[in-house]
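J.: Residue 199 in this note's numbering sits at position 194 of the sequence shown, with consecutive numbering throughout.
Just so you know, not all the hints are guaranteed correct.
[Unchecked claim] Here are the computed lysine-lysine pairs in the DSS-like style, where the Cα-Cα straight-line distance is at most 27 Å:
1) Lys194 - Lys232
2) Lys82 - Lys54
3) Lys118 - Lys278
4) Lys194 - Lys170
5) Lys77 - Lys54
6) Lys194 - Lys238
7) Lys77 - Lys221
8) Lys286 - Lys118
9) Lys254 - Lys54
10) Lys122 - Lys33
11) Lys254 - Lys221
12) Lys26 - Lys8
13) Lys338 - Lys33
14) Lys278 - Lys135
15) Lys135 - Lys106
16) Lys210 - Lys451
17) Lys166 - Lys54
18) Lys390 - Lys194
19) Lys336 - Lys135
20) Lys390 - Lys135
21) Lys26 - Lys451
22) Lys73 - Lys221
[Stated by the list, open to error] Between beta-carbon pairs, the in silico distance windows are:
23) Ala428 - Lys238: 52 to 62 Å
24) Gly109 - Gly240: 50 to 60 Å
25) Asp434 - Lys166: 47 to 57 Å
26) Asn249 - Lys367: 28 to 38 Å
27) Asp116 - Ala234: 32 to 42 Å
It is worth saying that the hints were derived from the structure and are not from the lab.
Every residue, glycine too, gets a C-beta built ideally from N, C-alpha and C.
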Amino acid sequence: MNKFDVFIIGTGVAGTIIANKCAEDGLKTAIIDNRNYGGTCGLHGCIPKKILVGATEAVESSRNLEGKGIDKAPSIKWKELIEFKNSFTDPMPENKEENFKRNGITTFHGDAKFIGKNQLKIGDVIIEAKKIAIATGATHRELSIPGAEYTLSSDDFFELKELPKSILFIGGGYIAFEFAHIAARSGAKVTIMDMESTSLPHFDKDIVNHLVDATKDLHIELVMNTKVAEVKKDGNSLIVVGDNDGKKKEFKADVVFNTSGRVPAIFSLDLDKANVSYSDKGIEVNDYMQNTTNPNIYAAGDNTATDGLPLTPFATMEGHIVAANILNGNKKKPDYGVRPTVVYTLPALAMVGMTEEQAKEKELSIKVNYASVPNWFAARHLGEKTYAYKVIIDNSSNLILGAHIIGPNAEETINVFAVAMQAGMKAKDLKTIPLVFPSASSDIVKMV
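Whole structure, please, built from the sequences with the hints as guidance.
T.: Below you can see the structure in the form of structure tokens.
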């Protein structure tokens, strides 16, 4: 039997932090992953996605400025782009494992399954640990339809050696929109099939409408109110059968991606054998990120049922909290704050705080600043036709309750709003800061 002070399942952001912090403090630490070391963000998510977005952003910027000083816009060479992406992702698993070993952390590969409250089995190897941290992240939601086996996952998108001529995305969440924009700008014919009546319902609907228009301008077909009934082979292509209130329609594509959502990657761990409470949302934890039924177990990241969004910054926060509470006892609690988030389409859609609808549901007295401003310098000098914002301000306190932006550098501007909101800064005070001009964030003084 192999005995450890701490054993971590998962080598993504949260798991890496917990392992390194515990090892640095002298605890006998081990970690395992059933996939390549590195987690979703580094290998199949944020990092490779932003690399692809960066290339398409360069192409889009050039296209927008054709006839305005740019003679001919470049085009995407998909094979070279993927090779460039691989220069970031391919070395990561080995580098990460070597770093663990340098820090005195024992590494394992394979599927960990609980066999007791503080015991795991990896093949024929038995592990016992005083504390076990679950940081397995999330995985794609399986489709329960005929022909589901013909679909690819979002992970597979990053491994496409050649860009298909036509792609259909099942599900209309942020992953589908991001990949659709990348693929369309790279030359593919793209369709998004969504069972919802509106796209990205968790974002402000007025700002989302601007993204929908920009998406349609790319000739991306949005098929709404349509469930996928079946996927079937048709020679070298696929046929997706959509069902809109009983009316069936077929859509043909070379490749079909399942982007219908993600679920906690915990259901193969045999949690019941360790008396670990969990739900469809993930491992159930108390205020200290400790499991509610087994005090030996902590959890962090996308596999955990918390108020944090399934995003890297929140996994990072939770990883630090779990490490601190394992080392020093339960003292630290997460503060999820104002929770900024972004959809990396072009232009990007970003938000922080409440939507207008949420503020009205709370019957708050609010001022809503909303405008479409493609004539503002931040957009016009780039030839960008889509730029809009909505800021929700509390009438009594003058605090900013929410900010929503679509346009150039929206992800950076929303960070400024997030800092101001987290600090409790009033709109009138934010308006007086002499921000660098011209810049995208300098528009904030006009937005508030």
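J.: Are the hints correct? Go through all of them and say.
T.: Now for the hints, and whether the structure bears them out:
{"no.": "1", "hint": "Lys194 - Lys232", "verdict": "holds (20 Å)"}
{"no.": "2", "hint": "Lys82 - Lys54", "verdict": "holds (16 Å)"}
{"no.": "3", "hint": "Lys118 - Lys278", "verdict": "holds (9 Å)"}
{"no.": "4", "hint": "Lys194 - Lys170", "verdict": "holds (6 Å)"}
{"no.": "5", "hint": "Lys77 - Lys54", "verdict": "holds (26 Å)"}
{"no.": "6", "hint": "Lys194 - Lys238", "verdict": "holds (19 Å)"}
{"no.": "7", "hint": "Lys77 - Lys221", "verdict": "holds (23 Å)"}
{"no.": "8", "hint": "Lys286 - Lys118", "verdict": "holds (20 Å)"}
{"no.": "9", "hint": "Lys254 - Lys54", "verdict": "violated (31 Å)"}
{"no.": "10", "hint": "Lys122 - Lys33", "verdict": "holds (19 Å)"}
{"no.": "11", "hint": "Lys254 - Lys221", "verdict": "holds (20 Å)"}
{"no.": "12", "hint": "Lys26 - Lys8", "verdict": "holds (19 Å)"}
{"no.": "13", "hint": "Lys338 - Lys33", "verdict": "holds (24 Å)"}
{"no.": "14", "hint": "Lys278 - Lys135", "verdict": "holds (16 Å)"}
{"no.": "15", "hint": "Lys135 - Lys106", "verdict": "holds (20 Å)"}
{"no.": "16", "hint": "Lys210 - Lys451", "verdict": "holds (21 Å)"}
{"no.": "17", "hint": "Lys166 - Lys54", "verdict": "holds (15 Å)"}
{"no.": "18", "hint": "Lys390 - Lys194", "verdict": "holds (22 Å)"}
{"no.": "19", "hint": "Lys336 - Lys135", "verdict": "holds (18 Å)"}
{"no.": "20", "hint": "Lys390 - Lys135", "verdict": "violated (57 Å)"}
{"no.": "21", "hint": "Lys26 - Lys451", "verdict": "violated (44 Å)"}
{"no.": "22", "hint": "Lys73 - Lys221", "verdict": "holds (24 Å)"}
{"no.": "23", "hint": "Ala428 - Lys238: 52 to 62 Å", "verdict": "holds (56 Å)"}
{"no.": "24", "hint": "Gly109 - Gly240: 50 to 60 Å", "verdict": "holds (55 Å)"}
{"no.": "25", "hint": "Asp434 - Lys166: 47 to 57 Å", "verdict": "holds (52 Å)"}
{"no.": "26", "hint": "Asn249 - Lys367: 28 to 38 Å", "verdict": "holds (34 Å)"}
{"no.": "27", "hint": "Asp116 - Ala234: 32 to 42 Å", "verdict": "holds (33 Å)"}
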